[in-house]
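*Asks:* Sequence:
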Amino acid sequence: MEHRWQVAISAGLLATIWCGVADAFHLVTWIGFLGCSTFFAQPKAGFQGMMMAWCTNLSGVFWAWLIIAGSSFFISPVFGYIFTGIATSAMCLQASYQKLSFIPGAFIGCCITFAMAGDVANIIPSLVIGGLLGFSMSLLTEQLVTLTQKWSAATRNPMSSTD
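In this note's numbering, the protein residues as written are 483 to 645.
What the hints contain is simulated information worked out from the structure, not anything from laboratory work.
The model shown is predicted, which means the values in this text are computed figures rather than measured ones.
Be aware that a few hints might be false.
Keeping only pairs whose Cα atoms sit at most 20 Å apart, straight-line, the calculated SDA-like set for lysine to any residue is [what the hints assert, rightly or not]:
id, residue 1, residue 2
1, Lys581, Phe529
2, Lys632, Phe529
3, Lys632, Ala490
4, Lys581, Phe544
5, Lys526, Asp601
I would like the entire structure built from these sequences, with the hints used as guidance.
*Replies:* Pasting the structure below:
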């Protein structure tokens, strides 16, 4: 990685800020970090990448919520298994749509929802801010790279030639 220091500074600084914000507003820190990780794992850059992270993560939240809600109407766990199979297929099939094409993002959102027992009110804000955190890290890293390149160019001692 060519710009390891800039990435490290950006990630460390914004992760620190995220932890403070999450604590102050009673958000779930680890969910935010999974939203951030989704941003960096999916193939798009910039705002489009953040949108893809949000769309895929939130679709997974929806599918897990549907499994949990649907299963609650039945006594037998077999219905939960069936709903899980249907939702898993749907998460794969939805990848036909560009904004939902990052299948792991949907599974991340789904797993978060199961881990949080379907507590969507606590999941969604942390997950959305997490995607924004990843986007912010990429923007800050770009700025730090630009600054260090300018600083490096300014501190070089170019040879001057006079004819």
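*Asks:* Each hint: holds or not?
*Replies:* Hints versus structure:
{"no.": "1", "hint": "Lys581 to Phe529", "in the structure": "holds, 12 Å"}
{"no.": "2", "hint": "Lys632 to Phe529", "in the structure": "violated, 25 Å"}
{"no.": "3", "hint": "Lys632 to Ala490", "in the structure": "holds, 19 Å"}
{"no.": "4", "hint": "Lys581 to Phe544", "in the structure": "holds, 15 Å"}
{"no.": "5", "hint": "Lys526 to Asp601", "in the structure": "violated, 29 Å"}
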